[in-house]
Amino acid sequence: MRRVKALFYSSLSLLCLLLLFIPLIWILVEATVRGGYYILERPLEFFTDIGRPPGIPGGGIGHALQGSLYLLAMALLIGAPLGTLTGIYTAERRNSIIAKISRFVSDVIVEFPTIIVGIVAYLTLASRITGIFNTGPAALIASFSLGLIMVPITARSVEATLISISNEIREGAYSLGLKDRQVLFRILIPIAKSGIVTALLIGLAKIAGESAPIIVSNGISNFWFSNWTEPAASIPVLIYVYGLSPFNEWQTLAWAASLILLLLVLGLGFLARMVTKEVWVRV
Amino acid sequence: MGKGLSFDKKAIIIKDLHLSIGNKEIIKGMSIEFPLKAITAIIGPSGSGKTLLLKSINRLVDLIPNLKSFGEIFVILDGEVKEVHSLDPSYLRRKVGYVFQNPNPFPHLSILENVIIGAKLNSLVKKKDLVKWAKEKLEEAGLWEEVKDRLKEPAWKLSGGQQQRLCIARMLALKPEIILLDEPTTGLDIYNTKRIEELMVQLKENYTVIAVTHSVDQAARIADYIAFLYDGRLIEFDVTSRILKSPSKELTEKFITGRVLDGVRR
Ligand SMILES: Nc1ncnc2c1ncn2[C@@H]1O[C@H](COP(=O)(O)OP(=O)(O)OP(=O)(O)O)[C@@H](O)[C@H]1O
Ligand SMILES: [Mg+2]
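These protein sequences, in sequence, are chains F and V. Numbering of the first sequence is given in my numbering, commencing with residue 30 and proceeding in unit increments. Numbering of the second sequence is given in my numbering, commencing with residue 119 and proceeding in unit increments.
Calculated directly from the structure, the hints in this document are not laboratory data. Among the clues, some could well be false.
[What the hints assert, rightly or not] With a straight-line Cα cutoff of 27 Å, these simulated BS3-like cross-link-like pairs (lysine-lysine) come out:
id, chain 1, residue 1, chain 2, residue 2
1, V, Lys200, F, Lys208
2, V, Lys186, V, Lys142
3, V, Lys275, F, Lys222
Values in this document were obtained by computation on a predicted structure and should not be read as measured data.
Construct the complete structure from the given sequences, taking the supplied hints into account.
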């Protein structure tokens, strides 16, 4: 009887799990059927070529892959130090006014429509009328927006990691006569290392799929990356533009690109899990 | 500083210490003199302020937010009388070693690195002598034989009792003069408890030892003096045999005979 019951509950929870995964699997299948086949058909062209004019079959998303790589790398360069330092500050000066304000602002901004960050960045920095640099739509501004967008979520996860280190470890470090700086850099940050890496991966996963802030600050490009002050192509924007187009070839590319983006974000999430697991085993 | 105090055979003199966290008063005026190179046990019910008294001496209480404290704590370090609040906390904490209730080795460091990190970051020992120094301190803490072949392993792989002795070695590596231990045998088995008790007795040859303990029996086994705290006050301080056989206060007697075990009543 007990075994029947156990079997019943385990199949029930398996069913729930499946239900949970259905949307994910559905998107994966859909993207594979509608676009994935194209990657297999012409892998080289898909990864290394740019899109063709409408009506001409073939082409690839090489420019978008390259552009995304540039945009995300620069965003990480801007967002990672800001997010990490903010997280460290709010964790180690937990009760200071600045920490409280920054925590509040983070929590509000996390829920902010990301397009607004892009618009504000564009208007204050890049716009030819109101911007400080007046470059017009530019890749650098998109990276800057993406960098800012990843700050709150990164900061909050870095903070959570540091706070999870027991107070006795912290006190232990101080009891050895270590100075604030030594406690932070020799003890706390090394212990939290994998947690901080995870926080950065989570931040990266958040911005990897953003299209709106890129469109409003960088515009749309169908070419290879040329310059930080020019628009750059990117995968999310390519999906948006090609996906909404009436052309069959473009739609196929959009589906194939979705598949790549999906796998990328899933991969980041998976990587984050792996790194976190290591922490749990150790502490 | 410390004028008019007699430091004859004393290591620490606390004068009228008050301490509160938020608006809760926890230590309510406490004066104690701790004898030099002896073991003083601090006993008292849970919440009576034993840990905070200990942490006041090396100023670990400075880390607690919303904490206010006044009163004076004089210590003899490097042959001079010093008031702890006038000292660089880093110097003070090095000279006044602390062992925590739960072993807290650094999880990202190896056994060896745990022992030398304090000495290394405070530049107390020449780099080339660090390993030799670590060996000496592990021997002093009675851990060397058990770990000599696994010094590179992460410290968290050790058993609780071994971790606690590692923390003692780590603290000894700083060349302290006074050693504070907060219930260092909590949660350990009889074997490890016995080892650490023997270790404490050895330590008093060279150091002044103050140990908080939850066990009157343990105090009876190791301590030369006993301080009994209750509700933030020092109720009685005397040599161990006096406290155990003929305490002068009724409260002390009730506590050591096990009739006040259930914490502070308000
Ligand atoms: N960091 C803190 N923040 C707020 N209150 C605290 C803090 N540390 C201790 N207290 C309070 O101060 C009082 C005394 O604490 P303390 O840790 O010194 O007691 P103790 O005698 O060591 O007790 P135990 O035997 O349980 O360890 C307790 O009421 C406790 O709740
Ligand atoms: Mg305590």
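### Indices of hints not satisfied (ascending)
The structure breaks none of the hints.
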